[in-house]
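Residues 309 to 594 (my numbering) are what the sequence shown spells out, left to right.
There could be a bad hint or two in this list.
Unchecked claim - With beta-carbon atoms standing in for the labels, derived distance ranges:
no. : residue 1 : residue 2 : range
1   : R544      : A577      : 20 to 28 angstroms
2   : P438      : T346      : 41 to 49 angstroms
3   : P461      : A381      : 28 to 36 angstroms
4   : P461      : E435      : 37 to 45 angstroms
5   : G582      : R389      : 36 to 44 angstroms
6   : K552      : P432      : 13 to 21 angstroms
7   : G511      : E439      : 35 to 43 angstroms
Honestly, the hints are just simulated from the structure, not real lab data.
By construction, the Cβ of each residue, glycine as well, lies at the ideal position given by its N, Cα and C atoms.
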Amino acid sequence: MSAPTTSGPAPAQVSAPLAQGPAPAATPAPGSVTLDLTGRTALVTGAAGGIGRACALRLAAAGAVVRAVDRAADGLEELVRAADGLGGAVEPQLLDLTDLDAAEAAAAGADILVNNAGLQLVRPIEEFPPEVFHTVLTVMLEAPFRLIRGALPHMYERGWGRIVNLSSVHGLRASPFKSAYVAAKHGLEGLSKTAALEGAPHGVTSNCVNPGYVRTPLVERQIADQAAAHAIPAERVLTDVLLKDSALKRLIEPEEVAEAVLYLCTPQASFITGTSLALDGGWTAH
Numbered sequence: 309m310s311a312p313t314t315s316g317p318a319p320a321q322v323s324a325p326l327a328q329g330p331a332p333a334a335t336p337a338p339g340s341v342t343l344d345l346t347g348r349t350a351l352v353t354g355a356a357g358g359i360g361r362a363c364a365l366r367l368a369a370a371g372a373v374v375r376a377v378d379r380a381a382d383g384l385e386e387l388v389r390a391a392d393g394l395g396g397a398v399e400p401q402l403l404d405l406t407d408l409d410a411a412e413a414a415a416a417g418a419d420i421l422v423n424n425a426g427l428q429l430v431r432p433i434e435e436f437p438p439e440v441f442h443t444v445l446t447v448m449l450e451a452p453f454r455l456i457r458g459a460l461p462h463m464y465e466r467g468w469g470r471i472v473n474l475s476s477v478h479g480l481r482a483s484p485f486k487s488a489y490v491a492a493k494h495g496l497e498g499l500s501k502t503a504a505l506e507g508a509p510h511g512v513t514s515n516c517v518n519p520g521y522v523r524t525p526l527v528e529r530q531i532a533d534q535a536a537a538h539a540i541p542a543e544r545v546l547t548d549v550l551l552k553d554s555a556l557k558r559l560i561e562p563e564e565v566a567e568a569v570l571y572l573c574t575p576q577a578s579f580i581t582g583t584s585l586a587l588d589g590g591w592t593a594h
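With the sequences and hints as input, model every part of the structure.
What follows is the structure in structure tokens.
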């Protein structure tokens, strides 16, 4: 899901001499875990771009029917075109996750749920608009609760299910000026663990994936906001702010995150539940 227009200045055009990640690919890279999701139905929120798009394509490449949920119609149309010829299918679903009843209904019948949609606003707490705080918590915490609630009856009936919550390193660590985002991600961590404990007797796993800064439009907006907050050029935000605590000095690519999400859906990952998989370049090693 794209951030609201209240989320700050327009995205900065950033060019930094950082190492690039692997080239984007919709199909599995050589050496990927064999994954066949034929017959499975997956729902991915925030699927029109960034991590959600990469996850939707990877799931479809593995044979799943993917319900691609987003409020960006143009992005969903482009996603459907990109998925043409993959083993599964992408079914676009235009939905604003602030409509919580519709979100819960959309999850009925899903075998795999990827809670990915998010938005960000960088402001000091005393300047943070309460209405934006409310929206962030609605989209990034309450909507995942309602989606999980809608998906679990079907998963329990089938005795199999996978819930993957796209958290963040900010689900494990806090940063200044990100009160709503950090609060939502910390709450998502607790929700995910609770779902893991309740789902275990029914063959349902629930985990968080915790990337550092990913090369997405959301991060480009953060770069612009942080540049304004710290009064420094946008190109310095990456090295001096965003990647200051990361041992690996580059952004992670959406396709790398999608591989981790997909691994959690494999038979080999059936004993992994209630945990958080950090893809943070060594940030939390401090």
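Verification of the supplied hints:
no., hint, result
1, R544 to A577: 20 to 28 angstroms, "violated, 39 angstroms"
2, P438 to T346: 41 to 49 angstroms, "holds, 46 angstroms"
3, P461 to A381: 28 to 36 angstroms, "holds, 30 angstroms"
4, P461 to E435: 37 to 45 angstroms, "holds, 42 angstroms"
5, G582 to R389: 36 to 44 angstroms, "holds, 37 angstroms"
6, K552 to P432: 13 to 21 angstroms, "holds, 19 angstroms"
7, G511 to E439: 35 to 43 angstroms, "holds, 40 angstroms"
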